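Here the protein sequences come in this chain order: A, B, C and D. In this text, residue positions in the first sequence follow our numbering: the first is 1, and each later residue adds one. In this text, residue positions in the second sequence follow our numbering: the first is 1, and each later residue adds one. In this text, residue positions in the third sequence follow our numbering: the first is 1, and each later residue adds one. In this text, residue positions in the fourth sequence follow our numbering: the first is 1, and each later residue adds one.
Where hints are given, some of them may not hold.
A pair holds if it fits inside one copy or across any two, identical chains being indistinguishable in the list.
[Claimed, not checked] In silico SDA-like links for lysine to any residue, alpha-carbon gap of 20 Å or less: (1) Lys158 with Gln194; (2) Lys229 with Glu270; (3) Lys47 with Thr25; (4) Lys47 with Gly80.
Just so you know, the hints here were simulated from the structure itself, not pulled from any lab data. Predicted, not measured: the structure shown is a model, and the values here were computed from it.
Protein chains: 4
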Amino acid sequence: MELGLVGLGRMGGNMRERIRGAGLTVVGFDHNQDISDATDLADMVGKLTATDQPKVVWVMVPVQAIDPVLTELAELLSEGDIVIDGGNSRWTDDIRRSELLSHKGIKFVDCGVSGGVWGLENGYALMCGGDDDIIETLMPIFTALKPEGEFGFVHAGKVGAGHFAKMVHNGIEYAIMQAYAEGFELLEAAEIVQNVPDTFDSWREGTVIRSWLLDLMVNALKEDTHLDKIRGYADDSGEGRWTVEAAIDHAVPVPAIAASLFARFASRQEDSPAMKAIAAMRNQFGGHAVKGAEDPSYATPPIKH
Amino acid sequence: MELGLVGLGRMGGNMRERIRGAGLTVVGFDHNQDISDATDLADMVGKLTATDQPKVVWVMVPVQAIDPVLTELAELLSEGDIVIDGGNSRWTDDIRRSELLSHKGIKFVDCGVSGGVWGLENGYALMCGGDDDIIETLMPIFTALKPEGEFGFVHAGKVGAGHFAKMVHNGIEYAIMQAYAEGFELLEAAEIVQNVPDTFDSWREGTVIRSWLLDLMVNALKEDTHLDKIRGYADDSGEGRWTVEAAIDHAVPVPAIAASLFARFASRQEDSPAMKAIAAMRNQFGGHAVKGAEDPSYATPPIKH
Amino acid sequence: MELGLVGLGRMGGNMRERIRGAGLTVVGFDHNQDISDATDLADMVGKLTATDQPKVVWVMVPVQAIDPVLTELAELLSEGDIVIDGGNSRWTDDIRRSELLSHKGIKFVDCGVSGGVWGLENGYALMCGGDDDIIETLMPIFTALKPEGEFGFVHAGKVGAGHFAKMVHNGIEYAIMQAYAEGFELLEAAEIVQNVPDTFDSWREGTVIRSWLLDLMVNALKEDTHLDKIRGYADDSGEGRWTVEAAIDHAVPVPAIAASLFARFASRQEDSPAMKAIAAMRNQFGGHAVKGAEDPSYATPPIKH
Amino acid sequence: MELGLVGLGRMGGNMRERIRGAGLTVVGFDHNQDISDATDLADMVGKLTATDQPKVVWVMVPVQAIDPVLTELAELLSEGDIVIDGGNSRWTDDIRRSELLSHKGIKFVDCGVSGGVWGLENGYALMCGGDDDIIETLMPIFTALKPEGEFGFVHAGKVGAGHFAKMVHNGIEYAIMQAYAEGFELLEAAEIVQNVPDTFDSWREGTVIRSWLLDLMVNALKEDTHLDKIRGYADDSGEGRWTVEAAIDHAVPVPAIAASLFARFASRQEDSPAMKAIAAMRNQFGGHAVKGAEDPSYATPPIKH
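Chain A extracted, bound-state conformation:
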């Protein structure tokens, strides 16, 4: 089986390697010609020459590049060909894009991909949405990418279901990370447990909370016992936000996931406007001292109004 693969960054590059390792043919395209197998998208499509299968193109590009790539692919592909979006797309965009391509008879599959830098070695978990027959056609590719064993792949439903499942996966991920993070902070603050990294390490077997994220937390603590070398600054890539928004759409309470998202927002603020308001109100009613913005150590005298 052969496929085109658009985007050969950290994820796409490793995926090309893993698919090739399984014996499939990959024609990769990237704007970086040093790593690209084709000069442009047209060249890539032209090099897909198998006559016993539809042309298949896996798109693995940043969110903002997906629509331009799909627009161009719509011109280059033909009825019956298949496009897979493996990026971090919002599931609502999948439905729109699927309809766009369907005007030319091109099939669309959305595929949420998890695994990060470990995927090349361990395999990528795949959550796919699309029609049964199309998913069936693509199984050799999914099998090449997914981990060995019985887990790591699900055909979650129609178009959009793959990215929806991946979105929920990431929402869950936010809250699990927050759980370990809160536990870490409490252990560090209490100073009763004398060896926090060893405690996390001990939890890796026999406990209720053993997990892959725990293993990673232990790796990080072994490198930097108190995480002194790292700032408490966490980006978010969209899925956490979409999870909370989807929950709101369906009136589902998600307090732990929302708390995790808000903690990331707060981590990126130099100062909190909300807490400025709290400090200002406290000063107004109680004459509580406030700290001036300029000098962190300077407390303005209580002001009575």
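Put chains B, C and D on the given structure of chain A with help from the hints.
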């Protein structure tokens, strides 16, 4: 009626003035002799000479000073005399202290006091706990302190009930302040509403959210439109913590009050250990760049393990 | 000045009365002919005959009816005429609707209205978005509706700003209500404070948490001391959801408002699917007894796997 | 090596079996004589006859039984003997108990035990607090109980550190379970993902969120696809509460763990007093219909005041 008043700081000093303004006799004591009416506690008690009432002493001192003062008063007072704790005591301490004094037949009343720097002029809201007859005896003092009109005083129950009511009052206060603070931050961030102070000001009549705290928020915004001069740093004085702890004791969910308390904790951190852990885990699984602790603008390159 | 007023329900009907009370001319239209001043929208517009002002139509209809009404008004009105949407619209819809009407030269103003059933007597708080000159033209109407005194009206910014300000107002409202609600539940659960309604009543003067919502809470407690006659079931009308979504768009942490929204979601569930999952996992790892869905009192025996 | 083991319930009974399986001698005592190796505590201690070691007694009883057992053991044991509390004790109690026993020269070790019904087969994770030499003496017992391999045991620090570590472990556990639970509820509500159990199953390899709790969640879903047979009712065993309280003591924000705890509290309420208050206030200001307590489907008519 006459009373001794121990502690003439920001609260106690104003309370002395308000009680005297109502025609009662106050013998105040403070370690600062410039403002004290007595040289020590014994002198203060000695100056309580009314023969038609028990000796009454109102204690208005910082939390850590209450027990020493009560211990000394237990020596100086006699059976039937009354001690009122008007400080920010935890209600569980009231019960202990009441028992201590009862060994000598001294009566104890706990009184939560709200009003801050505005109390001298507007009156202090009082939440009292103690026996009916003792509260009855003290009503001239409470009447002097409380606001005019029908509100501002409650005999909440037995000893401890006053500080419990005050504790819950403050827990509610935390969450109301957080409500306005979150609204403020959102209005500032969205930049759609062009005049945030005017918007808050408009809410002072006709809306569902009009309140005294809103008035104070408007005062603060009129002085400093974007609160540029103030840091987002908020202390907590104990009652918020006790409220959440009491809620946990009674299995009562208090998500908004707890969120408000945690926001204050976070406001006082230079960096968040929990978010360091989040950043460390993200780096481990995704090769996500982390920010170094030293230089806020420096992002270490993705590390693959 | 004269205006058309579409929608004479609980809000619109009272607003007609208040505007007329201020001496303005109102031609109201409602599908309920018993209360309508016109047979249909065309009739209503036809009855606007003042020659010294543009035609002005205030739309006060349920959210789902706004677009059909605006579409019909676009046919009936002319260049320079003005439409005001006073409903609970999402601010993003304002911008779309404003553009629609602008094709015919019709001006659009969005106006968030607060006040509920008390507005007829006390006045309605108004938060408006639109061009300066249009707002200026409409001031006699706003002045008729708003409370007396200096507060209760703001020209918040361009089109959309009015409903955005109202949305944030409601988000704040959710969290303030949650604050009192959590305090009420704790006081009821602890049973230390012997008279909860009196305690709330006492807070109405001199305290930091005095507010109009507190007054209403007291009213409710006076009618039904323990709220025995009411179910813990709370709808939400959209603004709370939009507030959290807007906060997410701007990366603003809103933990208290989100907690309040989630509490409402949970209040409407017969049983919590999330807590079923918690119970199921606990049973799996600890052999903790679970309760069967059929019989609330039936605990299935621990199951070991 | 030999030890006495007090309490042969679900945990203690399995632990006796596992320790014996490792070749150590266990004299178990339980009030249930059918499973007990001794008639009473004195008999149990009398049967500890090894002369080359101090007497060692592991206490594995419900929380309320620990103090009576320790009091009796204090009479039966001698200087240099060792008592281990393996129950779900609060770490602050450890310190008190250790001091009590130290008056007779008896050594105390606290040991948090995780593993539930799976521990017999997989081993128990152990988190211990106590002096180095005592822990060293006890290592053969710990080695018998813990999982094979390098993980599952930590000497966390002085007395109290073991239960503190276990407490934090459980706090983390609460939030991780809540994470999966929220994801489950959202997937069920959205109905986009057509096979929720398969989706959870797929996550067991290659994803960021793979864990032992996920495996258990899959087990539960395979038995009962929509968890129809189980009620959304979750007890809590204390550690979650203590974690939040410890966090409050140290001013550590724990929003996700607290949210998880509050969700459990709410799951046990027939109706929410807080949401009654919300409904009551909404009715007061907006004439919003409320639901009567008696008949869930009955909405009282709007009331205007």
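We went through each hint and held it up to the structure:
1. Lys158 with Gln194: For Lys158 and Gln194, only the inter-copy Cα distance (8 Å) is at most 20 Å; the intra-copy one is 51 Å.
2. Lys229 with Glu270: Both: 18 Å inside a copy, 14 Å across copies.
3. Lys47 with Thr25: Intra 11 Å, inter 73 Å, cutoff 20 Å: intra-copy only.
4. Lys47 with Gly80: within (17 Å within a copy, 60 Å between copies)
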